[in-house]
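Please model the entire structure based on the sequences and the hints provided.
So the protein lines, in turn, are chains L and W. Using the working numbering, you'd call the opening residue of the first sequence number 23 and step up by one each time. Using the working numbering, you'd call the opening residue of the second sequence number 133 and step up by one each time.
It is worth saying that the hints were derived from the structure and are not from the lab. You may find that some hints are simply not true.
Stated by the list, open to error - Straight-line Cα separation of at most 30 Å, BS3-like style, residue types lysine-lysine; simulated pairs: (1) Lys134/W / Lys138/L; (2) Lys134/W / Lys594/L; (3) Lys570/L / Lys630/L; (4) Lys594/L / Lys570/L; (5) Lys105/L / Lys570/L; (6) Lys570/L / Lys134/W.
As the list claims (entries may be wrong) - Restraint ranges, calculated between C-beta atoms of paired labels, are given here: (7) Pro147/W / Glu212/L: 54 to 60 Å; (8) Thr140/W / Tyr709/L: 38 to 44 Å; (9) Leu163/L / Pro152/W: 48 to 54 Å; (10) Asp249/W / Val174/L: 56 to 62 Å.
Claimed, not checked - Chain L residues, not near chain W, derived (Cβ > 10 Å throughout): (11) Gly86; (12) Asp95; (13) Glu212; (14) Arg407; (15) Gly647.
Small disclaimer: the values here were computed from a predicted structure and weren't measured. Glycine included, every Cβ here is placed at the ideal spot set by N, Cα and C.
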Amino acid sequence: MSELTYVGGRAPRIDGLDKVSGAAEFVDDIDFGPDLLHAEIVESPHPHARILGIDTAAAEALPGVVKVATGADFPFTFGVYMKDRYVFAQDRVRFVGEQVAAVVARTPQIAKRAAKLVEVTYEELPPILDPDAAIVADAELLHPDLADYPRVPWFFPHEHTNIAHWRKTRRGDAEVGFAEADVVLEDTYEVPRYAHCAIEPHVVVGKYDLAGRLTMWTSSQSPYTQRNVFAETLAPLGLTHQNIRVITPYVGGGFGGKAGVTMEILGAALATAVQGHPVKLRWTREQEFYNTYQRQGVRARLKIGAKRDGTITALEHTMHWDAGAYVEYGANVVNAAGLSATGPYRIDNVTIDSLCIYTNLPPGGPYRGFGYSEFHFGLESHITRLAHALGMDPVEFRRRNAISGGDTLPYGATMNASGLQEAIDRTAAAIDWGVTETSPDPNKRIGKGFALFWKAPAMPPNASSASFLKFNEDGSINITVSGMELGQGYLTVMAQIAAEVLAVPPHKIRVETPDTDRNPYEWQTVASHVTWSCGNAVHAAAVEAREKIFDTVHDAHGYEEGTLYLENEAVKCETDPDFELALADFVIDGIPMEDGTYRGGPIVGSGKFMPEFTSALSDPETSQGGHPNVHYTTGAAGIVLEIDIETGRMHVQKVALAVDVGRAINPTLIEGQITGGMLQGLATVLYEDMRFDEHGRLLNPNFTDYKIPTSLDTPDEMIPIIVEVAQPDGPFGARGVGEHTMIPAAPMVANAVEAALGLRITSMPITAEKVVLATIRART
Amino acid sequence: MKHEITLTVNGETLPVDVSPNDVLLDTLRTQVGVKSPKIGCERGDCGSCTVLLDGANVRSCLILAIEVDGHHITTVEGLSNDGLSALQEELIAASSFQCGFCAPGIVLVAAELLEHDPEPTRDQVREAISGNLCRCTGYDPIVDAVLALAEREGSDS
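Take a look at the structure:
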């Protein structure tokens with residue numbers, strides 16, 4: 023590869039102007055005219071109840087009400103990985119806030135009033151609010167039909183239990199490994215539920231027109247997956263893929279919360295009930311908290327053994343996930359954790375059990391980190407504790423056991439190339455690891471914490487991407503793809519990849535947000551995979567366009583194609599230094615010949631990518647045999663944390679995070695992922711958690727009581743470190759980075775608290791209150 | 133019962149018919165057609181509905197339209213009318229925002245700050261935008277851009 027022009031550069035975001043000028047249009051900003059109808063949902067007030075009857079008469083009688091729908095109108099299940107979720111509750115409700123009915127009316131006010139007039143009669147059932155209570159022998163089954171739900175082949179539900187999926191990974195012999203160990207440490211770690219808190223709430227507009235076409239405008243990470251779920255779910259109504267169109271303009275933050283399908287199914291179903299009218303459903307901030315995916319809670323029992331020389335000999339990791347009422351997406355989070363809960367370590371003897379357990383809390387689902395943020399809290403806390411038990415430096419202990427390219431993964435496949443050692447070294451240097459710092463204030467202690475992280479995209483083996491590319495008359499380019507610009511800078515990165523191949527600067531390349539009628543396929547914008555996967559598709563499209571350019575020039579001028587190259591928006595020739603033909607001169611109009619004819623025609627390209635080397639098939643008892651993950655992104659993070667011992671208040675003086683991105687296509691955007699992801703991760707440990715009462719009701723569904731960080735809550739110093747050990751099958755060597763940056767935050771803080779105070783806290787979050795109470799307990 | 137009020141929105145004075153309980157945010161979005169103030173929480177927590185009321189930032193979700201009869205409202209569209217402001221240019225060049233949903237509010241608050249104090253300290257910038265939640269950026273890239281602009285403009289003067 024010769025020197026790169028645009029890849030690796032800090033091109034400004036190509037969507038910057040839209041966002042800073044007010045031009046950026048989000049779903050709720052689109053005008054639909056006076057015919058727009060508004061929907062309001064009738065929600066279950068109970069965590070678990072049988073529905074005895076629904077009386078809609080009073081609601082229907084209210085002037086301005088167009089339609090009242092219930093489960094009887096849509097007796098359908100849906101889901102991405104397992105169809106266990108209902109469009110509207112059928113015979114029973116399974117969480118507080120579940121949709122039981124909906125009113126569609128002329129105004130939002132009328133819809134709201136009418137929804138209150140829908141009378142639902144319930145027979146309350148005892149709720150199961152803790153995963154361990156759900157798996158006792160005589161626990162009531164929340165999904166008696168579990169075994170019958172259609173699902174992907176890599177899920178293993180346990181019939182007649184509340185275990186929707188049980189991922190088992192076995193390698194070597196853990197008992198032998200523990201017998202070899204000089205030190206074995208065992209403990210349990212608790213991680214509560216969390217909310218994504220994208221600032222834009224979910225919103226959907228559906229229009230089922232008089233010709234039978236369903237158009238959906240959604241704030242989504244997954245337009246094509248949504249179209250597929252809408253088509254599968256509403257097939258009984260005669261809908262097909264061809265007649266469903268999903269349009270996703272800019273989305274105001276996702277973080278996994280807008281992956282798959284949640285409330286959008288309601289917009290689609292209700293649209294079919296009011297044919298001819300567009301209907302809008304917008305979640306309130308409260309609904310955003312309790313009726314979209316939540317990050318699942320987990321109770322993790324962890325046992326690790328090591329020899330005196332610092333070699334880890336065995337790991338046993340048992341995770342009981344509080345997956346909530348429906349697990350159609352969340353079960354794959356559990357699956358991902360179950361394959362990779364060794365963390366980025368070379369361990370010969372491994373036993374992992376990851377159990378997806380139904381409870382009567384809101385449905386769990388994807389959240390930035392996809393299970394890895396959750397299990398790294400216990401794992402990376404435990405690694406530091408084990409180092410201490412061995413009398414070793416925690417960073418040195420990590421260095422000794424860190425996984426490298428070529429090592430065997432827990433399920434038997436081979437680890438990809440990785441710059442983990444470099445990440446460890448550079449992070450340790452950035453926070454002056456090993457140097458003890460003291461505060462001039464006698465009431466304050468300073469501790470340093472360290473953590474490693476890894477994560478692979480969790481995807482079906484055939485998750486794929488496609489791209490169309492076309493030139494315009496002036497030599498500029500339009501690219502259509504169906505990955506979503508969530509804020510990560512995806513549009514800009516796709517432009518840079520095409521720019522590099524076609525020698526056209528990124529600001530002359532427009533990349534469109536998805537419209538499934540026009541843009542080609544993309545599985546979803548999740549799993550930190552689009553730079554890699556869709557980047558490969560865009561690269562392929564650009565290469566195809568380049569070949570057509572060279573064909574055209576060859577046809578017109580006779581130059582051998584191997585001698586042609588692109589530079590500065592022009593075609594040049596190695597054997598004829600005088601030849602230079604600007605792209606704008608021919609990419610649409612062709613090249614004029616002496617006889618008045620033309621050669622060429624509009625230059626377009628298409629590209630696709632599917633990771634054809636992956637397979638989810640493996641032995642269900644051991645997970646050995648398959649190749650479920652495409653690659654892991656690895657890294658390290660460290661923190662310098664100051665703690666007030668009187669108040670427990672913590673102040674982050676410095677954070678460093680190093681991540682091996684393979685190739686930084688745009689370092690500014692990667693630094694953005696590091697700075698933003700790290701603050702989101704720090705929030706899960708320092709501030710946030712979801713609190714439910716004994717009736718399964720969320721107590722803090724708003725930003726007053728669920729505090730996310732403000733600009734006053736940022737670390738004093740944030741040091742992003744980019745490591746580049748190329749991913750051979752990635753575009754220019756790139757691999758994903760979006761989710762990873764929040765994963766190490768929680769254990770790194772726990773480790774710093776221990777370093778500062780000598781106290782080990784094993785449950786998240788680690789708030790000032792919890793720290794000060796632990797301090798008081800330790801004194802008495 | 134509708135009442136006619138007069139609003140001056142981004143320099144244009146116009147009559148608007150409102151009900152006494154109409155919220156300014158909804159009036160701007162659905163009646164005036166200005167879409168940059170966003171609906172994020174409808175209870176004053178998130179700041180994505182921020183507008184400038186006679187030059188001072190307010191949460192338009194907490195204000196009744198009828199209360200601001202005769203007043204001036206500025207949204208980010210107003211800042212962009214005659215070409216972008218230097219602040220907007222700087223935020224673009226630095227790629228400060230990510231999803232951009234909070235951007236209209238934060239741009240207005242930062243513009244108001246620079247109007248009153250062209251050379252703010254880092255803490256002043258952080259304090260100024262602390263009422264506007266952003267879940268993507270970690271705030272630093274926004275604060276850095278505001279400070280970089282202030283420093284450059286300060287050294288120019």
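Hints versus structure:
Restraint check: the Cα-Cα separation between Lys134/W and Lys138/L comes to about 26 Å, which is no more than 30 Å; the hinted pair holds. Proximity of Lys134/W to Lys594/L is assessed by CA-CA distance (about 68 Å); at most 30 Å being required, the pair is judged violated. A C-alpha spacing of about 17 Å is found between Lys570/L and Lys630/L, which places the hinted pair at or below 30 Å, so the restraint holds. For the proposed pair Lys594/L and Lys570/L, the alpha carbon gap of about 15 Å is at most 30 Å, so the pair holds.
Between Lys105/L and Lys570/L the alpha-carbon distance is near 45 Å, which puts this suggested pair outside the 30 Å criterion. As the CA atoms of Lys570/L and Lys134/W are separated by approximately 63 Å, the hinted pair breaks the 30 Å bound. Remark: the range hint 54 to 60 Å for Pro147/W to Glu212/L is upheld by a beta-carbon distance near 59 Å. Between Thr140/W and Tyr709/L the C-beta distance comes to about 40 Å, which sits within the given range of 38 to 44 Å.
In this structure the supplied range 48 to 54 Å holds for Leu163/L paired with Pro152/W, their Cβ-Cβ distance being about 53 Å. At about 57 Å, the beta-carbon gap between Asp249/W and Val174/L stays in the expected band of 56 to 62 Å. Every beta carbon of chain W lies more than 10 Å from that of Gly86/L, the smallest distance being close to 15 Å; the non-interface claim holds. Its beta-carbon lying about 29 Å from the closest one in chain W, Asp95/L satisfies the requirement of being farther than 10 Å from that chain.
No Cβ of chain W approaches the Cβ of Glu212/L within 10 Å, the least distance being about 24 Å, so the stated non-interface status holds. With a least CB separation of 29 Å from chain W, Arg407/L remains clear of the 10 Å interface cut-off, as annotated. Listed as a non-interface residue, Gly647/L keeps its Cβ farther than 10 Å from every Cβ of chain W; the least gap is roughly 39 Å.
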